[in-house]
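Peer 1: Position chain B against the provided structure of chain A, taking the given hints into account.
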Amino acid sequence: MSQEDVLAGLAAIVNEVAGIPAESVQMEKSFVDDLDVDSLSMVEVVMACEDKFGVTIPDTEVKNLNTVADAVNYITANK
Amino acid sequence: MSRTVVVTGLGATTPLGGDVASTWESLLAARSGVRLLHEPFYANLPVRIAATAAVDPSEVLEKHEIRRMDRSQQLALIASREAWADAGAPEVDPERLGVAVATGVGGAISLMEQYDILKERGPSRVSPMTVPMLMPNGPAAVVGLELGAMAGVHTPVSACASGAEAIGYGAEMIRTGRADIVVCGGTEGCIHPLTLASFAAMRALSSRHEDPTAASRPFDANRDGFVMAEGAALVVLESEEHAKARGAKIYAIYGGQGLAADAHHIAQPEPEGRGVMLAMNRALKDADLSTSDIFHINAHATSTPAGDVAEAKAIRTVLGADADHAPVTAVKSVAGHLLGGAGSLAAIASILALKHRIVPPVANLDNLAEGVDIDIVTGTPRALPAGDIAAISNSFGFGGHDVVLAFRNA
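Chains as they are written, first to last, in the working numbering: chain A, 5 to 83; chain B, 20 to 429.
Calculated from the structure, these hints are not laboratory results.
You may find that some hints are simply not true.
To be verified - To give a feel for the contact side, a few chain B residues facing chain A, derived at Cβ under 10 angstroms:
{"no.": "1", "residue": "83"}
{"no.": "2", "residue": "87"}
{"no.": "3", "residue": "139"}
{"no.": "4", "residue": "147"}
{"no.": "5", "residue": "151"}
{"no.": "6", "residue": "283"}
Ideal placement from N, C-alpha and C gives every residue a C-beta, glycine not left out.
Looking at chain A on its own, in the form it has when it is part of the complex (with noise of 0.2 angstroms):
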């Protein structure tokens, strides 16, 4: 799965969970400051890309991953 792939992917997930617009979901944009993805719907987010790409994100790595590149990279890398 491409890059591509994951953000699209990420990019339906964090629109499903938080109601921000699927084009708002830029590789440079921070959860908290730019998509206003609170710590709830952050854990949505990660069960949710856990389910979807077949991944596990550990409590411990999500605090780095603040911006969706860190998720995308995260992902691309561990899947």
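Peer 2: Frame of chain A, contents of chain B only:
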């Protein structure tokens, strides 16, 4: 310090309609919102009758809103948006804006859904929104967050009297000077096989499957229990001073509340209606009304064998001969029983009856139950007289809670 409280906004989403106007229209037309639950989810239950929301929240709210909220919270949010807009979206200091939204059951459906997920997929898949969705103060919190209310956000819980108690609580916030505006009322969204089976186990529900729209029949000789319903009904209460200063339309004047408890049984009403009478008399006193001022009563009347007659007797005893000029209605005959939302739906019906001077009829009342000696409106709506009139709205709940609200015409 005690200030006059007025009603400046109404919002509802009920089995009768997705807003106040359609709900009121159905009440006047005695058009039932009760249906057979034909979905496979409800198969094999002893009772498969309920009054589901006329407009499903998923038709109104965004997908992510649905996802984050229990059904009771979704319904409350929809009603609060209508009520707030109806009040003219008033400019108010957030520290002077309060919320009191009650529920009888809370987020039971969300709790059960997450328990299924826990069993089937393990703890890592339990939603982080589980606690916010199941907590009984969740609907109040959702409405409070939506409006930015900082005067206080509250959740009185008294089973099927909760929605009325929330209105009384909200009015006290204004009377005592804690707030200028309070959005208050009740919500419920807990129709589920387990809740149906639980109420059925108490023998509290009608099982008239052959004719669901005739199942809820308050004061009728052949009533056999209530019909579970869902929905939310909220009002905007405001200090008269604040409402007049901004030129708000005023539906009615909040008169007062009467609170009491039966001290009798966890679920059975006290047969003499002593707690009911105590609450009615206290409401009259709090509202500075006498029985001669009462020209309408919205009865709790759920269509259970025990409750309706005890209430009718209490009304006759408290009002005496004045009950002859106080036509009675029972909205549960068409709306079903909204549990935590019932008291505030009854309040909205009472407020609209005073505003439009018309009382909706009770449906399905074919043969008056023995011992009922009050003037119940049947068939077509009944006009109320001109001049100064008042109405009272009764709400009672499992646990023996008695809550009576009084309103006066504006």
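Peer 1: Against the earlier hints, flag every one the structure doesn't satisfy and list their numbers going up.
Peer 2: 3 and 6
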